[in-house]
Amino acid sequence: VTPERLLFVVDLAGTLVFGLEGGLAAIAGRLDVFGVMVLAFATALGGGLVRDVLIGAIPPAAIRDPRYATAAFVGGGIAIVLHRLVTRLPRAVSVGLDAAGLALFAVSGAVKAHDAGIAPLLAVLMGTITGVGGGTVRDLFLARVPAVLRVDVYAVAALAGAMVTIVAIGWGRSRPSAMATGAGVCFLLRVVSAWQNWNLPRVGPG
Amino acid sequence: VTPERLLFVVDLAGTLVFGLEGGLAAIAGRLDVFGVMVLAFATALGGGLVRDVLIGAIPPAAIRDPRYATAAFVGGGIAIVLHRLVTRLPRAVSVGLDAAGLALFAVSGAVKAHDAGIAPLLAVLMGTITGVGGGTVRDLFLARVPAVLRVDVYAVAALAGAMVTIVAIGWGRSRPSAMATGAGVCFLLRVVSAWQNWNLPRVGPG
Amino acid sequence: VTPERLLFVVDLAGTLVFGLEGGLAAIAGRLDVFGVMVLAFATALGGGLVRDVLIGAIPPAAIRDPRYATAAFVGGGIAIVLHRLVTRLPRAVSVGLDAAGLALFAVSGAVKAHDAGIAPLLAVLMGTITGVGGGTVRDLFLARVPAVLRVDVYAVAALAGAMVTIVAIGWGRSRPSAMATGAGVCFLLRVVSAWQNWNLPRVGPG
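Residue numbers (the numbering used here), protein chains in the order written: chain A, 1 to 206; chain B, 1 to 206; chain C, 1 to 206.
Worth double-checking, as some hints may not be accurate.
To be verified - Which bits of chain A does chain C cover? Going by a derived footprint, with three or more residues having C-beta under 8 Å, they are:
hint	segment
1	46-60
2	121-134
3	139-147
4	189-203
Said to hold, decoys possible - Here are the simulated distance ranges between beta carbons:
hint	chain 1	residue 1	chain 2	residue 2	range
5	B	Arg67	C	Pro3	48 to 56 Å
6	B	Val81	C	Asn197	22 to 30 Å
7	B	Arg67	C	Trp171	19 to 27 Å
8	C	Val167	B	Thr70	16 to 24 Å
Keep in mind that the hints were calculated from the coordinates and are not lab data. Since the model is a prediction, treat every value here as computed from it, not as a measurement. Cβ coordinates follow ideal geometry from the N, Cα and C atoms, glycine included.
Take these sequences, add in the hints, and give me the full structure.
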């Protein structure tokens, strides 16, 4: 499998997962079927669009290649057809699904920025933005404070996964191995912190 | 009339209409005169700026050519001078005005994306974003859930107009004819749905 | 000092100040340490990122050069370490600090846009967006109506500073002199209006 192919598949899988998540959030918010598709699109592609614009990859991959939008809409469609089933699943499944999307996007975003010649610190930040960006756009649309600011160890997990990936590539590890390690770190960190209710320290009174 | 000229005039007319709308929303929200101008600018140019960045037309037309900002500010100025008159108009007029701006932007946005070599599915989405983007930016500024998610058959009308335009161009119709047909479809769909209170199906309980 | 060097130092100082402000807003909003860093980054670099994308300077300076992100995070770190001290300072200090950041960004943003060949009217608007953009992004994240729309004579001060700078450069004044004059006008206008509670006229009933 070529590196480009690997990145593409990882990206598309993340897009589908986040499209499904955005669609479910829209259904929970009592939006109509079109609103479901809008949120599926914004959640699935928002982070990647921002990243591509910022690293100078314009038009962004999601605009050049219709398969991204298609994956997002398929995710939104699954949300509409299967929402009764999906919302009845145990919380572990939805947390796991979200963690998987986060891990896929954090890793692919960091690698794309790195490939575009962005310095390591900022490639890590671009990976983090790719991971948390879609959910942030979704929350802004629903007029609520973004999860990235509310949920402890969410952006931290994306950051850790992106950092591990970039460090591993810097140490000469192969792409698939670096990406698998980074994605694993992000996924585990997110799932375990949600399970154990890990919190980051707050600053200030109280 | 050249195709470029036609696009420019359509775009500028939409800018003026949405500048007026943004200004009126700011006045209704009790903002000061400067806030009125900020919302006029953001509502009139927000959608086009996002579209131009995404299709790689950078700097965006609205930044390269001061006539866009001028049209937006003229719209905001009309809102300030005539708001007493405008808010006393029957609801049909304000819905019609908004539908006209939506139609002009959806059609010009789709054609601009198509001309930049964007695939049909995404050119249609870019037209939709151009149409609904400004109002979405305005609603985010006012910290409320965007109309695109609340109002049924709003983004759908923009999507339909953009789709008809792109399909008509694909079938070899002339620019002016394709754009007039698409704009007409969008305008009628929006006005009739507002008049008849058409709703899209909701998903989920209730 | 070369013009580039001057712009860079002014920009970096503004980044540090707004990073500190974003961090303090996050602490006041009871966010965790990571949320503090996210808001420091978004507040310090949001306006400049939007400006760079709009004037076609892609990747933006803040993505090409890690020193910008570092300055933002140092500002966020100062907020965490010294927040008890900083929040006990008289209001005059925090207003002055914010006015300084606003002035630095409005002036550097206008000059950068002007150097990129943007027309005067829009270079002034780009300076205004650079000044108020970061705080706007921060407020959107915290799901509140942006200060730019709530606080009188805020964006107006940024606009005035950017305008004075661009006019002075147009009249053949040297960079440092034009930028110092513009920054002084913005700073004084903001500080005096906050002190005197100047308000812009409202439009509409009441």
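Name the hints, by number, that the structure is in violation of. As far as the earlier hints go, only 5 is violated by this structure.
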